[in-house]
Amino acid sequence: MTTMAEYRTIAREGLWTNNGVLSMMLGLCPTMAMTNSATNGLGMGLATAAVMTASTLLVSLFRNYFSQEVRIPVFVLIIATMVTIVDMCMNAWLHELYKVLGLFIPLIVVNCLPFARFEIFSTKNSALPSMADGFFMGVGFTLALTTIGAVREITGSGTLFADASLLLGPAFKFLEMRVLPADTGILMMILPPGAFLATGLLLVVKRMIDERSSKAVQVSAAAGAA
Amino acid sequence: MSSQRTLIHGLILGAFCLGFGTLLVMTNGYTKDDIALRAVEDRQNSLRQVIPDSLHDNNLATDTLILKSDQGNEVVAYLATREGQVTGVAFETSGSGYSGAIKVMLGVDLEGKILGARVLSHKETPGLGDKIEVRKGDWILRFTSLSLGNPPLDKWKVKKDGGQFDQFAGATITPRAVVKAIREGLQFFDANKTKIMEFKVDKTQTTDTEAGKAPVKEIN
Numbered sequence: 055m056t057t058m059a060e061y062r063t064i065a066r067e068g069l070w071t072n073n074g075v076l077s078m079m080l081g082l083c084p085t086m087a088m089t090n091s092a093t094n095g096l097g098m099g100l101a102t103a104a105v106m107t108a109s110t111l112l113v114s115l116f117r118n119y120f121s122q123e124v125r126i127p128v129f130v131l132i133i134a135t136m137v138t139i140v141d142m143c144m145n146a147w148l149h150e151l152y153k154v155l156g157l158f159i160p161l162i163v164v165n166c167l168p169f170a171r172f173e174i175f176s177t178k179n180s181a182l183p184s185m186a187d188g189f190f191m192g193v194g195f196t197l198a199l200t201t202i203g204a205v206r207e208i209t210g211s212g213t214l215f216a217d218a219s220l221l222l223g224p225a226f227k228f229l230e231m232r233v234l235p236a237d238t239g240i241l242m243m244i245l246p247p248g249a250f251l252a253t254g255l256l257l258v259v260k261r262m263i264d265e266r267s268s269k270a271v272q273v274s275a276a277a278g279a280a
Numbered sequence: 442m443s444s445q446r447t448l449i450h451g452l453i454l455g456a457f458c459l460g461f462g463t464l465l466v467m468t469n470g471y472t473k474d475d476i477a478l479r480a481v482e483d484r485q486n487s488l489r490q491v492i493p494d495s496l497h498d499n500n501l502a503t504d505t506l507i508l509k510s511d512q513g514n515e516v517v518a519y520l521a522t523r524e525g526q527v528t529g530v531a532f533e534t535s536g537s538g539y540s541g542a543i544k545v546m547l548g549v550d551l552e553g554k555i556l557g558a559r560v561l562s563h564k565e566t567p568g569l570g571d572k573i574e575v576r577k578g579d580w581i582l583r584f585t586s587l588s589l590g591n592p593p594l595d596k597w598k599v600k601k602d603g604g605q606f607d608q609f610a611g612a613t614i615t616p617r618a619v620v621k622a623i624r625e626g627l628q629f630f631d632a633n634k635t636k637i638m639e640f641k642v643d644k645t646q647t648t649d650t651e652a653g654k655a656p657v658k659e660i661n
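Read top to bottom, the protein sequences are chains A and B.
So the numbering used here is basically just the index in the first sequence, starting at one, shifted up by 54.
So the numbering used here is basically just the index in the second sequence, starting at one, shifted up by 441.
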């Protein structure tokens, strides 16, 4: 049985220490392409999280049935099936959301993050921890994409979470705000180069925070020893 | 021995393919009617924006006529009829913008006056070229009630080219493409006007039967 502490480790790994984008640097294709606004980043992240949760569960359920040699094609099969099912169901029953997210969903197939998690985690662990791993990795991916999107949107077009109500429903209208006056943004930030700049800067920020906290740990350990 | 192993791997992979394939077929079966319905609704929504409701009593999305453009492409014309009389037509026209095609849905009445124009899809630069969307600006609304004679043909250009339509700050190519698309759309309407008018005469009956079928399908 997986203990509570282990789940906590899974959550911390997915959200921060082993974050898909900011630590493992995986799934950068959708990260670059879909973060020209915070809302787009959030949408892409949520769709990825849903597919990852479902497919890590499937991989761990079937992990004793496929051999090492054919595992990669089976992974591809599972992720492609999940993406197609999500795509069709959303098109049929959540059509308003689909019109906003529809573009992003097929892109999940080209994301390396699920494959990495299948390989590292789901094939070695039972169903529930695998699902938790997929879920938290997905949420960590969502956080990273939303943050990159927010940085690019604020600097590029001066708004934050524009059109969030289209994605999440009218109740989330309050998220939409204008941070800078209209037409003052740096256009480059919402164009492809901005994705590289914003992602690079956020990587620096994360490394700095990690460095500082590891130093703090060392200092407190040293103080404890003394 | 090794060929036997290969066979086993092949069988495993085949079994997974079969399983997931079946799953996909089932999902497709459950969703395909709803997806088709949504596509019709989407088309109706975009048509509603370019043809006022007061002008027709038929289902725009199902009363269609296929016309040939100058380039030999097929263009689907959605006909607005009231009491069996054609009152207007909507069709897609496109121009090539800064990055890829800009698709415009154009509604025209029988005198060739624009009832409405809306950009359906484009890949223009966000923040510059996307002001052609009705969500982001009212630029596209100024085409309403214009026609080929008003302004004269040589004024159907952006101001930079000596015409009468404003371009946006920092974007000339995008508005130029939209103006050209709409101008060509009107010329296309002119060229096919007789076909569209003819259509009402022998289409009245077929229209009715089609319109009668559609709601039944929805109830089922």
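Just so you know, the hints here were simulated from the structure itself, not pulled from any lab data.
Just so we're clear, the structure is a prediction, and the values are computed from it rather than from any experiment.
Backbone N, C-alpha and C define an ideal beta-carbon position, used for all residues, glycine too.
Some clues are possibly wrong.
[Claimed, not checked] Computed far set for chain A versus chain B, every beta-carbon distance over 10 Å:
#, residue
1, Pro127
2, Thr135
3, Lys153
4, Ile174
5, Leu234
6, Leu245
7, Ile263
[What the hints assert, rightly or not] Mimicking DSS-like on lysine-lysine, the simulated pairs with C-alpha atoms at most 30 Å apart in a straight line are:
#, chain 1, residue 1, chain 2, residue 2
8, A, Lys227, B, Lys636
9, B, Lys598, B, Lys473
10, B, Lys636, A, Lys153
Does A/Lys153 sit within 30 Å of B/Lys636, going by the straight-line distance between their CA atoms? Judged against 30 Å, a Cα distance of about 35 Å means the pair is violated.
For A/Leu245, is the shortest beta carbon distance to chain B beyond 10 Å? The claim breaks: A/Leu245 does not keep its Cβ more than 10 Å from every Cβ of chain B (closest is about 7 Å).
Is the hinted pair B/Lys598 and B/Lys473 satisfied, with a Cα-Cα distance of at most 30 Å? violated (43 Å)
Run the C-beta distances from A/Lys153 to all of chain B and say if the shortest one exceeds 10 Å. For A/Lys153, whose nearest Cβ neighbour in chain B is about 8 Å away, the distance does not exceed 10 Å, so it is violated.
Between A/Lys227 and B/Lys636, does the CA-CA distance stay at or below 30 Å? violated (47 Å)
A/Leu234 remote from chain B - nearest C-beta pair above 10 Å: It holds; A/Leu234 is separated from chain B by about 12 Å at its closest Cβ, greater than 10 Å.
So A/Ile174 supposedly isn't at the interface. Is its beta-carbon more than 10 Å from every beta-carbon in chain B? holds (21 Å)
Does A/Pro127 really sit off the interface, with its C-beta more than 10 Å from all C-beta atoms of chain B? At about 6 Å from chain B, A/Pro127 fails to clear the 10 Å cut-off, so the statement is violated.
Going by Cβ atoms, does A/Ile263 stay more than 10 Å from chain B at every point? holds (31 Å)
No chain B beta carbon within 10 Å of A/Thr135's: The claim is violated: A/Thr135 sits with its nearest Cβ about 4 Å from chain B, within 10 Å.
Checked against the numbered hints above, the structure breaks hints 1, 2, 3, 6, 8, 9, 10 and satisfies the rest.
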